[in-house]
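Q: Chain order of the listed sequences is A and B. The C-terminal position of the first sequence is numbered 156 in the numbering used here, with every residue numbered one higher than the one before it. The C-terminal position of the second sequence is numbered 11002 in the numbering used here, with every residue numbered one higher than the one before it.
One or more of the hints may lead you astray.
[As the list claims (entries may be wrong)] In the DSBU-like style, the derived pairs of lysine-lysine whose C-alpha atoms are separated by at most 30 Å in a straight line are:
{"id": "1", "chain 1": "A", "residue 1": "K138", "chain 2": "B", "residue 2": "K10554"}
{"id": "2", "chain 1": "A", "residue 1": "K24", "chain 2": "B", "residue 2": "K10554"}
{"id": "3", "chain 1": "B", "residue 1": "K10930", "chain 2": "B", "residue 2": "K10504"}
Just so you know, the hints here were simulated from the structure itself, not pulled from any lab data.
Each chain is listed here by its residues.
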Amino acid sequence: MKTENPKSEIRNPQSEIPEQWQPKILAFLCNWCSYAGADLAGVSRIQYPTNVRVIRVPCSGRINPLFIFSALRQGIDGVLVSGCHPGDCHYISGNLVARRKFALLKNWLEYVGIEPERVQFSWVSAAEGGRFAEILQKVVDGVKQVGPIQKLTKDI
Amino acid sequence: MEKTALVVGAGIAGIQAALDLAEMKIQTYLVESGPSIGGRMAQLDKTFPTNDCAMCILSPKLVEAASHPYITIITDAEIQGISGEAPDFHVKVLRRPRFVDAEKCTGCGVCMTKCPVRIPDPYNKGLTKTKCIHIPFPQAVPAIPIIDKETCIYLNRGKCRVCEKFCELKAIDFNQKEEVLDLEAGAIVLAAGSAEFDATLKDEYGYKTFPNVMTSIEYERILSASGPTAGHVQRPSDGKEPKKIAFLQCVGSRDMQVGNRYCSAICCMQAAKDAIITKEHSPDVDIAIFNMDIRAYGKHFDKFIDRARDEHGTRFIRGRISSVEVDPKTENLIIRHNMDSGRLVEESFDLVVLSVGLVSSSEQRDLARKFGIKLNGDGFIASDIFAPVNTGIPGIFVCGSLAGPKDIPESVMQASAAASAAAGVVSGYETRLIKREFPPERDIRGEPVRIGVFICHCGINIASTVDVEAATEYARTLPHVAYADHLLFACSQDSQKVIGEAIKEHGLNRVVVCACTPRTHEPLFQSTLREYGLNPYLFEFGNIREQCSWVHQKEPEKATEKAKELLRMAAAKVARLEPLYKMSLPVTKSALVIGGGLAGMTAALDLANQGYPVTLVEKEGVLGGNLTKVHYTLDGAETAPFLETLIEKVKSNDRITVYAGARVKEISGYVGNFKTTLEGVLQPIEHGVVIVATGAQPYEPSEYLYGEDSRVLTQEELEDMLKENEGKEKSPFSGMKSVVMIQCVGSRDEEHPYCSRICCTTAVKNALKLKESNPDLSVYVLYRDMRTYGLKENYYQEARNKGIIFIRYEEDEKPVVAMNAQRPEVKVRDRVLNGILAIHPDLLVLSAGVVANPDNPWLSQLLKVPLDADRFFLEAHVKLRPVDFATDGVFVCGMAHYPKDISETISQARAAAGRAATVLAKTEIEAEGKVSRVRAERCSGCGACVDVCAYKAIELDPVKGIAVVNEALCKGCGACAASCRMNAIDLKGFADEQILAALAEL
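Start from the sequences, fold in the hints, and give me the full structure.
A: What follows is the structure, encoded as structure tokens:
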């Protein structure tokens, strides 16, 4: 799973991205590595964008693809999922279970027309505070390029 | 008398020993000379051969040690003296002042930002600066600052006190004095570690003279994401990314010039690891590792070296570099080497890393002296081959690199072994029961949700960025919130009272605290809830410091908005939380040990000494295993008397039941509650733990004329011959002229791609024996790398001094053996003479490797535990859980795990016994509270959850055809919940509904 910004090939021609628009980003972080990495970013006072909200889960293997759909459906513009590096899982193989799931999910998201920038996966260890901040910045930048989410959401 | 122990040194070995002792319910003092526990491992970037992040796997252990009710951590301490004897030691410990009151300090760190004095940061090896008052490193335990006495302005010049002024909790205490503690301990474990070799002693390498020469531990800090360059490899002179890096091995090791003859055992792998990590950072960098031998003798080590070489293009170049010169213009470093070809070349490098060895420092030698313990010639604690964790003084044990250089898993193994040995000393004494009494839990069923919200200022850490008052006001507007307040320090003792009183007064039944991180502070608030009658799981944390105020310092408004939203999410989740209870299971306090060799017998005896009944099953008719075929140890001692005594001890022990000539037929159950049937035995055995000690077997060579000519034999057969002729005046060796030994027969080849670890030492041992029986005999050892790691190197050097000839061959140019004039003829390329050497030995001895026990696949199925690619048993974690399996209650030791020598086998066997005793010491096993739950009506019995569960905690009920969670085994990772196609399985405390509710607030 790469952390670089994938190039989006899906564009919504009608969407005009408002100038001052700030995307809403949700991050699912595993308790043992990525959440600890996010904490270390704080301890190291590394500054990153304010538009990210974190939900802590025990393991990236806990993340049901349903959570990601729900987030997108209610208008969250981007989702980051991050776990321990392959091989480092606190629960032996939970992140590998996650990796398999997300590989499929990625295909599905592309199929339904969700820009790949919106849902990104990464591995961040407890020692990688700087990397966590960098990845967040990349996710925010990526989502900014594709604009507010319109697929899956409906104004009522 | 109560069970007590004292552990000296809190690196990974000391921490592991303390944790094991504590889990055996033994009151343990963990005494550390530095300001934090963690030792050298805390400074490492990653760990070989899995490249696990060191801090990721270490920091949970630090937190566990800090919060364990049976462990008392004493840092900044020094052993002054000891009196008494086992099991009644009195240890005097001098505690130096920290000048910070640990009771009051919350670790907020304001003092560090205000302190005007900058000092070199010892954690980063002086490559960066820290403050005079500083927390040693972000994950330090205890996580409170220390004032450096030498550089503090106030302590030296009587002025300043800035830290005191800014500390709102009045935690700075300049009046702290040294104090002497008198501690009682039934047993003592020494784990004071080792020091790094001082590279300035090798001035020919220019360390501290040339800016771009650094030590391996400094390089670890450079590689670390939390290090001075945030993991970007930069050279000191100009901050440029180096394009060419040289690693010089054996700096301060295998070097009589500096008085260290031994091998430091870890540096080859460390250099390979650093090379791989560097290459992963920047693939274009060229890395050369200059070495004498590559000592990749451990489990999965050779594959790691292959990866460094083949996948990452690391150059491994033979030879010790005599000196490093500098190009003053570029600050590049010039190294001359002969590239294996004999032709001298000059190569320029941007950076040189010195792989410094491990040495015993004066501090460590001093410690041994205070305890009256003997040191060996290399300055490490001397240990007997047959008693590797004993010190010679009853009741005092040793582990880790204090007893000689070793890597992390070896240290951890020895730590668990020392804990097991120490537990044996105090086994007859009372267990102090530490159980906090709580008021009865309030039944909240039927109550409307009433949430209490507490928002922390953390001094100014949160409040200077986030508008805490506004957030508190906002909290009051949220649904179900019955009470909201803000606290200066939510974690302080008086705040717990405030929270508790609010629970009572306002009838709260859910609590949200918005403060720092749940990873460190959740347990504290949970216990407050419990203390005031609420189930501890009715709690949720909002992280508004690490993940808000600290990372958005310049955007206070947005940070406040974010804090409010985090609060809203937490409130939405907490409203849906329900009381959870930890299930507990009874433990059958007895063990089953499979395998009656050295490992199995040692483990059985250790457990019996701790008071537990043991059933020992051996498939052969007699006990002894592979040790019956080993006649001598490396230092020339006979093994037979030791083995006979060991067998006798096992047989005569009332607590051990031996089934020889028996096989296991069936094993069922789980941790604490196993049931095993043996073939031909009707009555099943009930036991709480299983130890796998089924050993391994020698490789039977099919190469080099083995079996075709009687003069070709294996080391094992040679050893038999040596034994038979011991002391005889006319031995067959006296008439011989030459003997050739070939190493790596059945090791490090395609079929067996691993190093068998013991054959180099065996060859050296037998070569020395041969020389002893006939000094005129020419002995040739044909090898690929001499892997006489650690202190074994001394015997290799002795062999060389006695004229044994070592000739290296390459994997692609193995020696050729053929019959010539009815004699075996060995042809090998001699790289020094650069020609083919033909030898006509009287004996050709093959160092046959070790192969896995063919029973392993069967046993692994039976126990549901994994094997590795080489069919040895695969432990739960190669670094920190070297004798555990992922399946609770099952342990491994000896050659079933990997080839190992006598000492290592004994250490690992005792370690397995120690780990097993942590289960058996409990009357009940308490499971996790946040475990999976199956909704039977939705389950289709597809078994997807069974497949993803790494802990074998889910089974399909054979009658109902639905999944059943064994709460005793469930670790609460939630992989099953995320994988269920029917949405039939959920994780308590992280349920779908709860997560989605939090998410819906965004």
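Q: Indicate, hint by hint, whether the structure satisfies it.
A: The hints, checked one at a time:
1. Restraint check for A/K138 and B/K10554: the C-alpha separation of about 20 Å stays at or below 30 Å, so the hint holds.
2. A threshold of 30 Å between alpha carbons decides the hint, and for A/K24 with B/K10554 the separation of about 19 Å falls inside it, so the pair holds.
3. Using a Cα cut-off of 30 Å, the hinted pair B/K10930 and B/K10504 holds, with the two alpha carbons roughly 26 Å apart.
Of the numbered hints given earlier, the model fails none.
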